[in-house]
Amino acid sequence: MSGGEENLRVVVRKDSDIIYSKSLSDIKSPIEICADEEYNVKVLLMSDGAEIVHSECVDRICVNTGKITHSGQAAVCLPAHVSVELRGDNSEIDVMVG
Amino acid sequence: MISKKKFNAKKFAQISMLSALTVVLSFLEGMLPELPVPGAKLGLANLAVMTATDLYGISGGISTTFVKAFFAVITRGPVAGLMSFSGSMLSMLMMWFFMNYDKNKLGYVGIGVIGAVSHNMGQLGAAFLMMNSAVLFYVPFLIIAAVFTGAFTGIVNSLLLPIIKKSEYR
Numbered sequence: 001m002s003g004g005e006e007n008l009r010v011v012v013r014k015d016s017d018i019i020y021s022k023s024l025s026d027i028k029s030p031i032e033i034c035a036d037e038e039y040n041v042k043v044l045l046m047s048d049g050a051e052i053v054h055s056e057c058v059d060r061i062c063v064n065t066g067k068i069t070h071s072g073q074a075a076v077c078l079p080a081h082v083s084v085e086l087r088g089d090n091s092e093i094d095v096m097v098g
Numbered sequence: 001m002i003s004k005k006k007f008n009a010k011k012f013a014q015i016s017m018l019s020a021l022t023v024v025l026s027f028l029e030g031m032l033p034e035l036p037v038p039g040a041k042l043g044l045a046n047l048a049v050m051t052a053t054d055l056y057g058i059s060g061g062i063s064t065t066f067v068k069a070f071f072a073v074i075t076r077g078p079v080a081g082l083m084s085f086s087g088s089m090l091s092m093l094m095m096w097f098f099m100n101y102d103k104n105k106l107g108y109v110g111i112g113v114i115g116a117v118s119h120n121m122g123q124l125g126a127a128f129l130m131m132n133s134a135v136l137f138y139v140p141f142l143i144i145a146a147v148f149t150g151a152f153t154g155i156v157n158s159l160l161l162p163i164i165k166k167s168e169y170r
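Taken in order, these protein sequences are the chains called A and B.
The opening residue of the first sequence carries number 1 in the numbering used here; numbering runs sequentially from there.
The opening residue of the second sequence carries number 1 in the numbering used here; numbering runs sequentially from there.
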């Protein structure tokens, strides 16, 4: 694992608008937010990562992606137009592929 | 008015049946357990699209692709329909191109892999336009998954198509 992982930031986007952005180190206890009302997309933000825990879409690709914990990872719910990404402010890695 | 092209009832019937087969295979695939890669699918319906493209060229490919996408719209919504259409259309065009380019060299497995990879790339392209760069995270997973699922559909068709082509009903 490369350095710079301590400055992870979680970015939740609905369409192209950022609806939530917070540094993981500022998350002391898990927060659950509703990113989309129509599909009831629930995003759980934790101090060590983020996860789409609930969605009423058909494909459930977002929920099946599981918890993301590294810079460059993302969970996307296409029908709801919601994306959850982890970005490292000074990460040396562009995209994690494993 | 006399049409220049002769109406080919057999071609019409067989493309219709292959289009119906995409619906059945899509439905069957929906009942299978999900693959470990999020968003990846076996691509059973692509068997019928590949067969139609192989037997009847681009007209067979376009017909089956439209029926498959229409079924996705009515059963799983407009987003799934768009994903089906963008993936299938690119996949079909690529398979059609490489079938005419050099089928003997690539073989059915090669065509299947090209079809599966371009299917996923078409979908991701549409998803990227619809959403944002976050979808690109799925690219490496879906390419690797497509190599395996494409090889699977290619192997199935390498067994089925020679039989279909030899059949007296052709």
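Please keep in mind that the hints were generated in silico from the structure rather than gathered at the bench.
One should not assume that every hint holds.
Using 25 Å as the maximum straight-line C-alpha spacing, the simulated SDA-like pairs for lysine to any residue come out as follows [as the list claims (entries may be wrong)]:
#	chain 1	residue 1	chain 2	residue 2
1	A	Lys42	B	Leu129
2	A	Lys67	B	Leu136
3	A	Lys42	B	Leu160
4	A	Lys22	B	Asn132
5	A	Lys67	B	Leu160
6	A	Lys42	B	Pro33
7	A	Lys67	B	Lys10
8	A	Lys67	B	Tyr101
9	A	Lys14	B	Pro33
10	A	Lys14	B	Met130
11	A	Lys14	B	Leu136
12	A	Lys42	B	Ala80
13	A	Lys67	B	Met121
14	A	Lys67	B	Ser16
15	A	Lys67	B	Glu34
16	A	Lys42	B	Val139
17	A	Lys22	B	Phe128
18	A	Lys67	B	Pro33
19	A	Lys67	B	Pro38
20	A	Lys42	B	Met99
21	A	Lys14	B	Leu129
22	A	Lys67	B	Phe141
23	A	Lys42	B	Met17
24	A	Lys14	A	Asn64
Note that the structure is a prediction, hence the values are computed from the model and not measured.
With the threshold set at 25 Å, check whether the alpha-carbon distance from Lys42 (chain A) to Pro33 (chain B) stays at or below it. holds (24 Å)
What's the verdict on Lys42 (chain A) and Met99 (chain B), does the C-alpha distance respect the 25 Å limit or exceed it? Given that 25 Å is the threshold and the Cα spacing comes to 45 Å, the pair is violated.
Agreement of Lys22 (chain A) and Asn132 (chain B) with the hint, judged by alpha carbon distance not exceeding 25 Å: holds (19 Å)
Within a Cα-Cα threshold of 25 Å, do Lys67 (chain A) and Tyr101 (chain B) meet the stated pairing? violated (43 Å)
For a C-alpha distance cap of 25 Å, please report whether Lys67 (chain A) and Leu136 (chain B) respect it. holds (17 Å)
Given the hint that Lys67 (chain A) pairs with Met121 (chain B), does the C-alpha gap stay at or below 25 Å? Holds. Lys67 (chain A) to Met121 (chain B) sits at ~24 Å (cutoff 25 Å).
Sort out whether Leu160 (chain B) lies within 25 Å of Lys42 (chain A), counting only the CA atoms. Measuring from Cα to Cα gives roughly 45 Å; hence the hint is violated.
For a C-alpha distance cap of 25 Å, please report whether Lys14 (chain A) and Met130 (chain B) respect it. Given that 25 Å is the threshold and the Cα spacing comes to 11 Å, the pair holds.
Need the status of pair Lys42 (chain A), Met17 (chain B): alpha-carbon distance at most 25 Å? Between Lys42 (chain A) and Met17 (chain B) the Cα gap is close to 42 Å, so the pair fails against 25 Å, i.e. violated.
Given the proposed pairing of Lys14 (chain A) with Leu129 (chain B), does the C-alpha separation stay at or below 25 Å? With a Cα-Cα distance of about 14 Å, the restraint between Lys14 (chain A) and Leu129 (chain B) holds, given a limit of 25 Å.
Taking 25 Å as the top limit, are the C-alpha atoms of Lys14 (chain A) and Pro33 (chain B) close enough? violated (29 Å)
Is it true that the CA of Lys67 (chain A) sits at most 25 Å from the CA of Lys10 (chain B)? It is violated: about 52 Å lies between the C-alpha atoms, which goes past 25 Å.
In summary, the structure is inconsistent with hints 3, 5, 7, 8, 9, 14, 20 and 23 from the numbered list given earlier, while agreeing with the others.
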